[in-house]
Each structure stands twice: as C-alpha cells, then as structure tokens.
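A.B. asks: If you read the protein sequences in the order shown, they are chains A and B.
Using the UniProt record's numbering, read the first sequence as starting at 1 and increasing by one per residue.
Using the UniProt record's numbering, read the second sequence as starting at 1 and increasing by one per residue.
Treat the hints as calculated values from the structure; they're not laboratory data.
Among the hints, erroneous ones may be present.
Unchecked claim - Sample of chain A residues lacking proximity to chain B, with all beta carbon distances greater than 12 Å (derived):
(1) I28
(2) F72
(3) V186
(4) F209
(5) S372
(6) T567
(7) T572
(8) R594
(9) N762
(10) G787
As the list claims (entries may be wrong) - Quick list of simulated restraints, FRET-style, between CB atoms:
(11) A/I160 <-> B/D36: 21 to 27 Å
(12) A/E779 <-> B/F31: 42 to 48 Å
(13) A/I630 <-> B/I14: 34 to 40 Å
(14) A/D157 <-> B/R16: 25 to 31 Å
(15) B/F31 <-> A/K709: 38 to 44 Å
(16) A/D157 <-> B/L21: 58 to 64 Å
For each residue, glycine too, the CB sits at the ideal point set by N, CA and C.
The chain contents come next:
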Amino acid sequence: MSLLHWAILIPFLFAIIVPILYKYIRPIHTGWFVLLVPSVLFIYFSPYITPIANGETFMESVPWVPSLGIQFSAYIDGWSLLFALLITGIGALVVLYSIYYLDKKSEALNNFYVYLLLFMGAMLGVVLSDNLIVLYVFWELTSLSSTLLISYWYYRDASINGAVKSLNITVFGGFSMLAGFALLYVITGTFSIQEMIGQAGTVIDHPLFLPTIILILLGAFTKSAQFPFHIWLPDAMEAPTPVSAYLHSATMVKAGIYLVARFTPLFGGAPEWFWIIAGGGLLTLLWGSLSALRQKDLKGLLAYSTISQLGMVMCLLGLGSAALYFDDANELYTLAIMAAVFHLFNHASFKGSLFMTAGIVDHETGTRDIRSLGGLMLVMPATATISLIGAASMAGLPPFNGFLSKEYFFDAITNATEYGIFNMETAGMLFPVIGWVASVFTFIYCCIFFFKTFAGRFETDRFPKKVHEAPVGMLISPAILAFVVVTVGLFPNLLSQSIIEPSMASILNGLPMDNEAFSVNIEHWHGWFSLELWMTIGVVAFGSLIYAGMGRWSKWSIYNKNVDPLTPVYDTTISGTIKGSQMITNIQMTGRLRDYFAFIAVFFLIITGWTLFRFDALTLDTGSMSEVTIYEGMLIGLLLVSVLSLPFIQKRIAAVVVLGFIGFLIALLFVNFRAPDLALTQLLIETVLVVLFMLAFYHLPELRKETSKLTFKWTNAIISFGVGLLITVVAFSAFSFGQGNEFNPISDYFIENSADLAGGYNMVNVVLVDFRGLDTILELLVLAIAGLAVIALIKLKMKEGDDV
Amino acid sequence: MMKWKTNNLLFIHITRVASFLILSFSIYLFFAGHNDPGGGFIGGLMTAASVLLLYLTFDKRKIDEMLPINYVNFIPTGLLIGFGAGFIGMIFGFPYLTQFFDYFSFPLIGEVELATAVIFDLGIYLGVAAVALTIILTIAGDEE
Chain A
1 MSLLHWAILI
11 PFLFAIIVPI
21 LYKYIRPIHT
31 GWFVLLVPSV
41 LFIYFSPYIT
51 PIANGETFME
61 SVPWVPSLGI
71 QFSAYIDGWS
81 LLFALLITGI
91 GALVVLYSIY
101 YLDKKSEALN
111 NFYVYLLLFM
121 GAMLGVVLSD
131 NLIVLYVFWE
141 LTSLSSTLLI
151 SYWYYRDASI
161 NGAVKSLNIT
171 VFGGFSMLAG
181 FALLYVITGT
191 FSIQEMIGQA
201 GTVIDHPLFL
211 PTIILILLGA
221 FTKSAQFPFH
231 IWLPDAMEAP
241 TPVSAYLHSA
251 TMVKAGIYLV
261 ARFTPLFGGA
271 PEWFWIIAGG
281 GLLTLLWGSL
291 SALRQKDLKG
301 LLAYSTISQL
311 GMVMCLLGLG
321 SAALYFDDAN
331 ELYTLAIMAA
341 VFHLFNHASF
351 KGSLFMTAGI
361 VDHETGTRDI
371 RSLGGLMLVM
381 PATATISLIG
391 AASMAGLPPF
401 NGFLSKEYFF
411 DAITNATEYG
421 IFNMETAGML
431 FPVIGWVASV
441 FTFIYCCIFF
451 FKTFAGRFET
461 DRFPKKVHEA
471 PVGMLISPAI
481 LAFVVVTVGL
491 FPNLLSQSII
501 EPSMASILNG
511 LPMDNEAFSV
521 NIEHWHGWFS
531 LELWMTIGVV
541 AFGSLIYAGM
551 GRWSKWSIYN
561 KNVDPLTPVY
571 DTTISGTIKG
581 SQMITNIQMT
591 GRLRDYFAFI
601 AVFFLIITGW
611 TLFRFDALTL
621 DTGSMSEVTI
631 YEGMLIGLLL
641 VSVLSLPFIQ
651 KRIAAVVVLG
661 FIGFLIALLF
671 VNFRAPDLAL
681 TQLLIETVLV
691 VLFMLAFYHL
701 PELRKETSKL
711 TFKWTNAIIS
721 FGVGLLITVV
731 AFSAFSFGQG
741 NEFNPISDYF
751 IENSADLAGG
761 YNMVNVVLVD
771 FRGLDTILEL
781 LVLAIAGLAV
791 IALIKLKMKE
801 GDDV
Chain B
1 MMKWKTNNLL
11 FIHITRVASF
21 LILSFSIYLF
31 FAGHNDPGGG
41 FIGGLMTAAS
51 VLLLYLTFDK
61 RKIDEMLPIN
71 YVNFIPTGLL
81 IGFGAGFIGM
91 IFGFPYLTQF
101 FDYFSFPLIG
111 EVELATAVIF
121 DLGIYLGVAA
131 VALTIILTIA
141 GDEE
C-alpha cells in the first residue's frame, strides 16, 4: 500500500477515533480534531500540482481480488487532482465552519463528524479509483454517508423523508451504473478505466454501446441531480447547512460530473453520448433556474441553482465531447471543456460561500424564509458583503470568476451551430437561446437571494431571534471562499496552467496534447464586438427589468406553487410500489411455516426441473458406479425406514427423537465415506439441534391431529415426492455427466495443493480457512445476524402496536 | 431455564467431569484443525455443547454466577478477529485474506507449524460458540 492509498483511508480510520475523542475530551469541540484530517490531506495533495501540470500521472495499485481483475488502484491525473483538492480544501473550510455552527453542548457531534469523515473518504475514493468496482463501492458509500448526514436531525420527519428520497434515487442510479460497469467489462475485459480508454474505438462500435452508456449515465444523472432526477436535491436541504455546503455544492453532486468527464475519452465522439449529456444538461439548466425563482426558502433557492449550474457544466461537457469525433483537437470543442472545468471550480467556490452565508442568516435570525427576511445589510455587514460577492459571481457579473466562466459558456453555446456534426447545424440553434434564457433566470434568482435578504428596511419583530452579526469564526470559511472568487476573477490565469490544462488533458485523453487548442488563456475583455459581451449585457438588462416587475408576476399562481411538478410522480411511484408489495406479501405470507416450505419446494422444482429439460441434461449411466457395500445398504435401509415413519408419528417428542436419529445416521454415513470432519460437524449440529428442540418443546402446544383436507395432504405428498425425485435425478445426471466428459472436479486442485500452499493436511479445514476464507467469514456473519435476530425476537419483544 | 425436577446424582457427577473433558477436547480440536479433523467451526460447536451441558445439569443462576460471561459480546469479537486477520496479508501487499504459514523450532516443544490461518480460525471459533450459546440460552431463558 502506498501513501496515496492511506490518504484515501485516513478519513475512515479517523472516523473510528472520533467517538472516543467526543466521549473523553468534552471541553474541546470535536471539530478541531477533525479539522486536522482535510487540512493534512490538502497539504498532502498540493505538491502533486507541479508534476501533474508537467504532464505526469501517478498510478498506485494494490491487489484486492486479483482473480477477478479487481485492484485497489489509485490514479491521479489533472481531473482527479482537481477534485481531491476541492474535497479536502472545501472540506477543511466546512469543518471549520461547522465548529461554530453546531453547538458542542446540544448536538450529537460524534455522529456528525463520523458521517462527514465517511463521506469525505468515500468521495476521495470515488475520484481517485481507477478500478470500476472499487469506484462503485466508494460511490455507494457516498450515497450512504450522505443519507446519514441528511437525516442527521433524525427526529424531524422532513429530514428522514429527504434522506430516504436521496437514498432511493441515488442508489437506483448506482445499481444501474453497476450494471453498466458489468457491460463495460464484457466489452473490454478489464475493470481499469485507463486500460479501457486504450480500447475506446471498440467500445463505440460494440452493439452493447447504447445500453452501456444509458446505464452508466443513469448513475451519473441521479447523483448529479440532473432532470428529471433532480427532485431529491431540494429535499436534501434538510441537512445541517455545513453539510449542504459540502455535499450539495462542492462534492457529492459533482460526482456525476466527475464520472461523465472521466468516461468522455471512452464514449466521447458518439452522437448518443453527445445528445444525452448536452441535451440533458441544457434541459436541467433551464428547469433548475426556472424552479429556483419559485423558492421561498433560501436553501431551496440555492439547491435549485445548484441543479441548474450543474446542468450547465454537464451541457458543456457534452458539447466538448464532440472533440473526440475528430482526431485532432479543435478549439471549437476544447473551449467547451475548458469552460466546464473552469465553471466547476468557480461554482464550488461561490456556491460554497453562498451556502455558508445562508447558514449564517438561518443561524442568527432563526428563519430562512425569503418572505420574512429583509434589511439585514446593516445588521450583518460582513455576511452581506460575502453574499454579494457570491451572488454577483453566480449571476455572472464582472469582475468575479463566475463572469468569466459564464462568458466562456456563452462562447461555447453560440458556436454550437458551427459543429457540423450530429445535426448541430440546425438543432444547435436551440443552445444559445435556451442558455441565454436560463441565464436571465439565473440573474433574477441571484437578485432575489441577495436583495430579499439584505436590502430593504430592518424590522426587529419579524425575526424569532435577536439578530446580530455572526461570530468571526463562522465568517472565516465563507470569507476565504469569497476571497478565492475575487482573486480568480481578477487573475484568472492563476489556474490555467496548474489546474485547468491538466484537467482538460485528462478529459480529452487520447488527443494530441501539443495542439495549441489546449493552451488556456483566460481574458476579461474580448472586445466591443464580441457576441458574449452583448449577451451578458442583455442578461443584466432583461433580468433587472423582470426583477423590477416582480411585484406583478409574483402574484401568478405558477409562481406560488411550491412543489416541483415532478415530485408527485415520485410520490405515486413510491406509494404504488408499497401497495404492490403489500398485495404480494398478503398473498404469499400466510403465517404458516408449511406453506413457506411448499413455496420454496415448488419454486425449486420448477426452476431446476425446467433447466434440466431445457438443456437436455438428463443422463443416466449406472455403468461406472461402485458397488454398494453391506454397511451402506444397512444405513440406507435404516434411513429410509425412519424417514418414512415420520409422517405417521403422532407424538411430538417421538418426532424429535426420530429426526435426531436421522441426523446421526447421516453422520455415520459420512464416517463410512471417510469424511471425519463432516461427520464431527454433523454430530455436533445434531446434538445442538436436539437440545434446541427440547428447549423449545417446553413452549410448544401438544401436537394436534392434522385437520387439513385430503387434497392438501396429497398436494404435499406430490411436492415432496417431486423434490426427492428431482434431487435424485440431478445427482445421477451430475455423476454421469462427470464420468462421460473429461471434467476435472475442483477437489483435485485442493487435494494437490492444500499441503503445499497452505501447509495443512486437513483439506476441509484448509478450504475453509485458506482457500475460501471469505465464504467462511461471511457465513459467520450470517450466523451472527441470526443470533442477534433471535435476541431481537425474544428479548426485545415488541409491545402491541409497536413499529419496527 | 427449567431445572431438572429431581436431583439426578449420577448425571450431576458425570457432568462435572465430562463437561471439562469436552471443553479440553474442543480446544484440542480447534488447534488440531489444520492437519487433523477439527477446526474453528467444530471446536466452537463443541465448546458450546460443553457449556450447554453445564446449563442443563445445574440451574441457570448457579452457572451464571460461575461463568459470568455475556456470550453476545463474543459474536462481534469473533467477527472482528476473523475480518481483521484478513488484513495481515494486505499490509505486506498481498490480497485480502491471504494466509501465511511457516515452521519454527522451539526448545522443549520441537518443530511447530505456525499459521496465520489459526488467528482467522480463532475468530470463527469464538463466533460460532458465541452464536450457538446465545441462541440456545436466549430461547431457554424466555419466560413466557
């Protein structure tokens, strides 16, 4: 394991220590210790900037399940480094902010920081993994830990609902993504992304290409809250504000963006990929900015603005992916990628600071409702300044960094008609129109955010709390982010060589890098005659006009509808699923054990029997069987007699004894076949089982006469006979099949190697602990769960009407 | 747990000796596992059986005083040891759950094989014994 692996694992390891710190060092806010982790990691990742800007990449690999091609491989290039720096850098600021936001006396800080560290580690894992399976594991961990964070105030219904919604949607996407990864493995034969990129051409021409990208993009779109999966993001605002700032502006929702960009070298250049991403992104941009106008909650507004801004980045990535259609880099397309990377960074900085100021307003005034806020500018001057910087940057005003990336966005979409591929000469007209309209809406909601909160007259009695400026500690983090916004806005080329160019190189991996389309030079001024400048001026002019007329249009009923039109769709789906499963459960769960046995047996009969016939696997060859010895004959005879006597036994105790007897006979059979381990296990299990039976016996009612009908008995008899017959046939067929073909049973391998490879002469045990250790330990886990379930059932009995 | 209604002297006296014999044998089985019949699973079950014999013979309160152990705690302990033993290989750059073994000479005992698999097996042993005991004692201790 290299240092890079440890960097991913450190947050997880530290998460184990947090509860101990919280318990024993109470006077110090636990956040101060946690702050160490992202800070140290940020310092660790920073030195990578120089070598990566020089075109180097780093790959460290540890075998995990080498036989399946699963390596825990950490890969750093420009794109993953940008994310690693965002995760750790903004992570440090968020932790610092949370120290002042969450009260150490009344909040369960141990839970909070454990979840936050889990999330941080999972996020680092996602962006640094090169192996798809490892990436998927971390991906689901981000879903899980973010759900825990959203439901941090678990006693609130809204928190739980938001958490469940986000889990439902992101995990649905995660599962389909896993299926997409499996298809990719089928196509390329490797799980390594970098190796796949080497075979990019074969992937696009493969017949499975379309299902693969749809499945993978479902994962990316659900995670990045793209239309129509965006509905979970506003509900996720129930999380504490530091969490929202971290998950929903800086990291989690960007995972989908990360994934799309990461796969661009593999899928880019295909029209399907181009249209799904560019079109989906554009639609999300419009929908998010329009919905943001309707929000009455500060954080809700920011949530929809995140949705729309992510749509914008997604759209740019889609446009830029056309570059891979040709063999050399063209400035037309690389510009879009550059704008995407630049805006991603800018969005993280200004949205982070905006979320934090929204949190400050909530924390100091006790409300986030836009309708009751107002006039805070004089009371909270520092917060207002930071908000103004963030909002102006989001609206795309000079000289802030959002202006620059917005200009490049305009630049990229106005060029869309010139692409000359994928019908862009006609459909490309839509891009600048929709993009411009969405930008007007963006400008308006930025105005709403700032002016409704900070402008106007200040009236004390409108707030539930006595309003004052936030403590300095709470202001540090948003101030640092606002400082970044301003600095990058004034000196945009600070990042060009070190961050943006290496990121573009990794997104457009495979194109010749020495092309001058790759050299980034960001300028404020494009001249009086540039279309982008006039578009920006138009946005400001129209936006101000519409905002000025807000008094009129805010009375429209559409403005006052608070629920996203897509939310009812989700709700009906969920309630329909619940109803459907209840219906099936009512039919199937009769509460009688014998019915369940019958279901299982019938299912087994149908599936296995059908497979046998379908593949024509019925073979019967008694020629090569060995003789049945007299002992075996006797044992089998005894077994038969005792099994057949079971249905006729009326007394429960006799039935238990006969059952035990059958078990011991089977143990004897194992002894006869020289399998001492199995025999020992069988003996012990049988002993323990009989004891268990005897104990439970005390509680059971006397065995009643079966009152069931004759037909029921006959059905049972037929099912049992069928299962017995099927198993016999399968055993015979398997045996004959093995005889006829040159089939090497797996046991040969164990017989040959158990002494050499594992140093043990007891093959059964060697298989258990050495060759198949994972099976064993997971089975122990199953046993443990069963044991705990027994405790839960018996010791923690539920009262009448209790819910699980 | 219900107590035997009559004082069966023979049963009590045999149990006193037998349960410890069984316990020692189960420990022997555990260590013998790698080369002879035995191992963590069987050893664990047999340990559980010997403790159960005590519970069956004497009443629950007496045994609880004699062995003040909460078997539930051993379930996670066993799991942790088992899962943790898998990481030994990873530290040296081998896949998860890689086991090692070698032969060492000790004074008095002679040459002995030491294997990391034994640590793993210890986890299984503890887990199985604890689960078996937990299930049976919980069901038996149920008052209703």
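A.B. asks: Check each numbered hint against the structure and report the violated ones by number, ascending.
C.D. replies: Numbers 2, 9, 10, 11, 12, 14 and 15, in rising order.
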